[in-house]
Each structure stands twice: as C-alpha cells, then as structure tokens.
Amino acid sequence: MAAPALSPAGLRVDRVQKNAILSVANLEIARGGRPLFDGLAFALAPTQLAVVTGANGSGKTTLLRTLAGLQVPTAGAILVNGIPVRQIARDLVTPIAFQGHLEGLNQDLTVAENMHFYRRLWGGDLPIAALAQELRLDEYLERKVRHLSAGQKRRTALGCLRLRPATLWLLDEPLTNLDQLGVDLVTAWLQAHLSSGGVAVVATHQAERLALRAHFAVEL
Amino acid sequence: MGTISWRWFHLLASPPYVFRLAGQLGPWLAAATVVTLAAGTYGGLVLAPPDYLQGDGFRIIYVHVPSAYIGLMAYVLMASAAACGFIWRIKLAHAVAVSAAPVGASFTFLALVTGAVWGKPMWGTYWQWADARLVSELVLLFLYLGYMLLRAAFDDRDKGDRISAILAAVGVVNVPIIHFSVEWWSTLHQGPTISRLDAPAITMDMLAPLLIMIAGFTLCFAWLVLRRLQAEILEREARTRWVEQLVTQGAV
Amino acid sequence: MASFTSVFARDLKIAIRRWSELATPLIFFVIIASLFPFALSPDVAVLRSAGTGILWIAALLSSLLALDGLFRTDMEDGSMEQLILSPASLGLLVFAKICAHWVVSALPLIVLAPLLALSFYLPVDALPTLIFALALATPTLSALAAIGAALTVSLRTGGGLIGLLVLPLTAPVLIFGTRATDMAVHGEPVLGPLYLLGALAAFCLALGPLAASAALRVSVE
Chain E
142 MAAPALSPAG
152 LRVDRVQKNA
162 ILSVANLEIA
172 RGGRPLFDGL
182 AFALAPTQLA
192 VVTGANGSGK
202 TTLLRTLAGL
212 QVPTAGAILV
222 NGIPVRQIAR
232 DLVTPIAFQG
242 HLEGLNQDLT
252 VAENMHFYRR
262 LWGGDLPIAA
272 LAQELRLDEY
282 LERKVRHLSA
292 GQKRRTALGC
302 LRLRPATLWL
312 LDEPLTNLDQ
322 LGVDLVTAWL
332 QAHLSSGGVA
342 VVATHQAERL
352 ALRAHFAVEL
Chain L
141 MGTISWRWFH
151 LLASPPYVFR
161 LAGQLGPWLA
171 AATVVTLAAG
181 TYGGLVLAPP
191 DYLQGDGFRI
201 IYVHVPSAYI
211 GLMAYVLMAS
221 AAACGFIWRI
231 KLAHAVAVSA
241 APVGASFTFL
251 ALVTGAVWGK
261 PMWGTYWQWA
271 DARLVSELVL
281 LFLYLGYMLL
291 RAAFDDRDKG
301 DRISAILAAV
311 GVVNVPIIHF
321 SVEWWSTLHQ
331 GPTISRLDAP
341 AITMDMLAPL
351 LIMIAGFTLC
361 FAWLVLRRLQ
371 AEILEREART
381 RWVEQLVTQG
391 AV
Chain D
31 MASFTSVFAR
41 DLKIAIRRWS
51 ELATPLIFFV
61 IIASLFPFAL
71 SPDVAVLRSA
81 GTGILWIAAL
91 LSSLLALDGL
101 FRTDMEDGSM
111 EQLILSPASL
121 GLLVFAKICA
131 HWVVSALPLI
141 VLAPLLALSF
151 YLPVDALPTL
161 IFALALATPT
171 LSALAAIGAA
181 LTVSLRTGGG
191 LIGLLVLPLT
201 APVLIFGTRA
211 TDMAVHGEPV
221 LGPLYLLGAL
231 AAFCLALGPL
241 AASAALRVSV
251 E
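Protein chains in written order, with my numbering: chain E, 142 to 361; chain L, 141 to 392; chain D, 31 to 251.
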C-alpha cells in the first residue's frame, strides 16, 4: 500500500458533536484497490455546509457516494442522525437526498411524470407546477426527457431533488450544465435548505460560482 | 472463553495465518488421503464379495458414491463460505468458496462419468435420462459452472466475489427443490427395464470399504482445496509485505 | 403501498412506450415453437406428443429474454441509485418491477400459448389447464429471470450468461408445468402439479426480489 495519505484541509477533531446530523470519523476510501485518502473526519450540525473540491479523479464522487451509503469505505464510520448510514431504517422520510452525475431520469417519461414519480415515492408534497416555473421548465412539462437539452435535464433532476424531503443533501457537481440563472437558483435552494436546519455536502470544481460560505472545506 | 474464540475467529480471517496453516496441514492430508484411499480400494476391489445381481460391476460405487457425496457437500461448503464472506465481508471466506468450486465441480463430473460407466452394463447405454440421481448431478454441475463463469466475468474481484455469493446462495436453496422435482419426474417415466443406480442390498463387508472411501475422498477434497486456497491467497495478497517476504525467501 | 404502485405504474408506462421491446420476446416465442416441426416432423402424432414440451420450453426462453433488460436502463440513467436510497424497501420495488413486466410480457404469452397448442394438435379440453399452469408458472420464471438480470446487470455482455445461470433453476417449473399440461391432455386430474406450481411461485416471488436487491446493491457500487 504505497499511495500517500492525503489529509484534507479543514480537518476537525473527530469527537462526535451531540447535535450533528452527519458525522464522519476516520474515513478511508479506496477505488479499484488504490487508496484515495484516509483520516477524513468532520461533523455537520444543522445549517452547516461542507464543500468538497479537488482535481478530477481525486475521489469527490466516490466520497459522496460513500456518504450516501451506496459504497462502503475501506475504514471509518459515517453516521447520519447517529445511525450508520448503511443501516438507516427506511422510514417514511429518508434523511438523505443524493444527486450524482447521472440524472436519475427515465428518458421515455416526461418531465412531469418523472417529477410526480419522485414526489410520490418519497412522500413529498411540493406543488409541481410552481416548481417547474421556478426552474423555467413549465413549457417542457409534457416533453419526454429524451428531447431535453443537457441544461434542461440537469434542471429537471434538481427539481426532483427538491421534491425529495431530506435533511442531508449530497450534491455531486450540481452546477454542471447550468447557466447563471440556474446557478442562482441552486444557491437559493441550498441557502433555504440550510436555513431551515438542513445540512449539505457539495462536491464541485466551480466553488467560486457557489456564493455560499462553507463551514468545512475538504480538499482532496 | 470469549476472548479465546474471538482470537481464533480473527486468526481464521487472517490470510498469512491460514496460508501457513494450509501449508502445514497439506502433507498430513496428502498422506492420510493416500492411506485411506489405498485401504478403501483394497477393501472394495478385493475384500468385498461380488454382488449377486451385478457381479463385479457394482464395485464402481466405491468411486461413484463418494464422488457424488463430495460434489454435493462441496457445493454446500462453497455456498456457506460465500455467504460468510458476503455477510461479514471476510475476503478469505470468498477465497475458500472460489477454491472449493472447481474441485467440487470436478468431483461432480467424476460422479457423472462413473455413473455412466456403471450404467452401461445395466442399461446398454452410457447415459440414461430416466435416472434421477444422474440428472440431479448434471444440474448440480450446471450450478457449479454458473458460479465459476459468473465470477470469471467480473473484472472487479470484490464485486465478482459478492455477486457470485448471491448466486451460490440462490443455488443452494434450489438444490433440494430441483432434486425433489427431478426424482418425482423420473418416477413418472420409469419403464420396467430401467433400474436405478442404487447401491445393491448392502452388507457390512460391502459397506465398510465404502465408508472408508468416503473418508478418503473427503481428505482428498480437503487437501486439494487447501492447495488451491494457498494459490488463491497468494494471488489476492500479491502486493502485500508478507507475500513479498515469502517470495524473497524463496519459500513460494 | 404508494411506493409499490408508483414503481408499478412507472414501469408499466415505460414498457408500453417501448412496445417494440415487448414484441420481440413474443415473436421469439412463436418462432421457437415454429422451428420444432422442421426439426422433428410435421406428423400429427409426433407433434401431439411433443407439443407440450415444445410450448413450455419456448415459453421459458421467451420469459428469460423478456426480463433480460429489467434493470439495465435504470442502472444506466441513475434511477437505480435513487430507488436504493428511497424510503421504500428495495425488495418491494423490485417486486413491483417484476409485476409490471409480468403484465406486459407474460399475459400476451398466455394468450398466444393456446393458439400454438392448437397448432400442435393438442385437445381443446387441455387449454384451460395450460392457461392456468402458465399463469402460475410465469411469475416464477419472472422472479428467476429477475435474479439473473440483477446478477449480470453490471456486466457489459451479460446476455448469454443469464441463460446459463437461470435455466437450471427453472427445471422444477418445467417439470410441473409440462406434467400438468400432459395430464390435462390425457384427461387426468391436474390439481397436484398445479398446487406445486403455485407453491413454487409463492416461494420464488417471496425470495427472488430479496436476492435481486442484494445483487443490485452490489452492482451499483
């Protein structure tokens, strides 16, 4: 095992804070058998934001997927509301909403159908028409996702994210393919989410576009 | 008591320890195999009296029955090891399953071949679809091949281990179902001229060599699996320090 | 319950929009069955005795083909990740997908099968049993095919391997299904094999989605 351990900047002590929604302790992640980094530790209390930056291939996506519970770390613990992330009981309201590189939209369904599906599956209650207007997708509601542009697909995916009630947001490169209006919208939503007591981890290599103050900066 | 059993459990999950243990047990198992098989063969070929119905032809059961038994037992072992590896994420358990699979498959194949050889004088043909046991063994061979091919199809070894562990679990649950339905099916279609590959009415002097052969085959299986396990461990741990040390010492 | 119906409705909608993909396994069913007279003989006696077996094998292979891509699209567009992370249990969602695909792939097959049976000179009296037996057997075949699909979904070329993995497991269904049909052809009471088919269906539908979800979670890593 020869790869150097990368210590992220902005490390906090791994003492678990009492009111932390997300606690990460001693996290070590490998990809394809090669270690990416180890010793990562931080905790997010309500309204706190962590921003993950790094070059391509540094492990931002792997980190976010591991935080979501989709992948297993080589070592360390990830607790959401005190429960290990892979053992979260699927209650009516899942605490996690994850948005990765893939949009999660079925190409043969319309924008409206995809949104209705996610809202129903997650038990959300936001009105879709108003949401579509905010996203400037109201004219495209009845269009199949297959016929949307990349930016429109990304906005649809973000709309579906909004329809999933969750306290922890994990966003992997949310600003891809978005114009300035889109970026402003994401910033506003993040702000609202954090203000209402949520937490978020955002991986991006356009951190400067995201006009929000991060409580933790993880540099991979 | 608790600490002792935990330590043992940890040791069993440690590749260098198991590698060394396998190396130490190897020669003993080999010797025991040779002795037991020799005793069983002698008993089966020489000491046991010829069957009043089948003459000397029945003696093939001394290879057929143990092979069939090992084939089935190996599958259960493989599925159990794979399940342990899956549930508790013990890589070594997957290595055991992977090592046991080809050996079990080979014994199953041997059972099929010896079954065919046994059947020829009785049925006039080398294969008889109406024989439930042979057909069940054929299906078992397919299950083995499925496991091995599925694992081989994955480039990511860890993923391949766990996916094929699920397949092994599904298989082991289905084996009794398949066996029962094939039995049932063969009883429906049995003509009067087909006789089943049952061991003939068995007396002690026929049974004893059979039991010895079963023991011998089990030892042989254990020896083969441990040899493969050593190779598998070396391959999986190729870049670790303890393996590099072994290589420089010329021990491998 | 909302999670079951939402996934069921969604998959049904998607499947109907991709109706050309539904047609292929059905046509396959007819083609396989049609090749047998060429391979065996068009003789009435031969086809009548082999007809049951031909039909069931063709149904088996067609079911396998129909569910081959059950999870692939969702894996590729990222929906599978969301399903795994959703509040509902993945096993239930997989069960909903299997149900939706059964509706669009097995029901048409059950409608076509009696027509093919008649073409193989099987008696009309045997048709209700055939339909009922297929109705009990196709859920099992769907569940087993779903397991195979989940196991191979992260492989680039999974197609042929599914058959190798799943077909040995379908032997019991084949045995009981053909037995029920044959008994009906000869006018004998068929309850025994039908009960066994039902038991198999219950067993596979209960455990199949669990095995498939485990495989999906591993595949998504």
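It is possible that some hints are incorrect.
What the hints assert, rightly or not - List of simulated lysine-lysine pairs, BS3-like, C-alpha gap at most 27 Å:
{"hint": "1", "chain 1": "E", "residue 1": "LYS294", "chain 2": "D", "residue 2": "LYS43"}
{"hint": "2", "chain 1": "L", "residue 1": "LYS299", "chain 2": "L", "residue 2": "LYS231"}
{"hint": "3", "chain 1": "E", "residue 1": "LYS285", "chain 2": "D", "residue 2": "LYS43"}
To be verified - The calculated label-pair distances, taken between Cβ atoms and stated as ranges, are:
{"hint": "4", "chain 1": "L", "residue 1": "ARG229", "chain 2": "D", "residue 2": "LEU137", "range": "39 to 47 Å"}
{"hint": "5", "chain 1": "D", "residue 1": "VAL74", "chain 2": "L", "residue 2": "LEU351", "range": "21 to 29 Å"}
{"hint": "6", "chain 1": "E", "residue 1": "GLY174", "chain 2": "D", "residue 2": "TRP49", "range": "38 to 46 Å"}
{"hint": "7", "chain 1": "L", "residue 1": "VAL257", "chain 2": "D", "residue 2": "ASP155", "range": "43 to 51 Å"}
Unchecked claim - According to the in silico footprint, chain L covers these stretches of chain D (three or more CB under 8 Å from chain L):
{"hint": "8", "segment": "112 to 126"}
{"hint": "9", "segment": "202 to 210"}
{"hint": "10", "segment": "238 to 248"}
Calculated directly from the structure, the hints in this document are not laboratory data.
Cβ atoms here follow ideal geometry from the backbone N, Cα and C, with glycine treated the same way.
We went through each hint and held it up to the structure:
For the proposed pair LYS294/E and LYS43/D, the alpha carbon gap of about 20 Å is at most 27 Å, so the pair holds. Annotation: proposed proximity of LYS299/L to LYS231/L holds, straight-line Cα distance about 11 Å (limit 27 Å). Pair hint LYS285/E plus LYS43/D holds up; C-alpha atoms about 13 Å apart against a cutoff of 27 Å. The given range of 39 to 47 Å is respected by ARG229/L and LEU137/D, whose C-beta atoms sit roughly 42 Å from each other.
Checked against the given bound of 21 to 29 Å, the beta carbons of VAL74/D and LEU351/L, roughly 55 Å apart, lie outside it. Our hint of 38 to 46 Å for GLY174/E and TRP49/D holds, since their Cβ atoms are close to 44 Å apart. Taken as a hint, the range 43 to 51 Å holds for the pair VAL257/L and ASP155/D, whose Cβ atoms sit roughly 46 Å apart. Counting residues of the segment 112 to 126 of chain D whose beta-carbon sits less than 8 Å from any beta-carbon of chain L gives 0, not enough to reach three: the coverage restraint is violated.
Chain L is given as covering the segment 202 to 210 of chain D, and this holds because 4 residues of the stretch bring a CB closer than 8 Å to a CB of that chain, at least three being needed. Residues of the segment 238 to 248 of chain D with a Cβ under 8 Å from some Cβ of chain L number 4, which satisfies the need for three, so the listed coverage holds.
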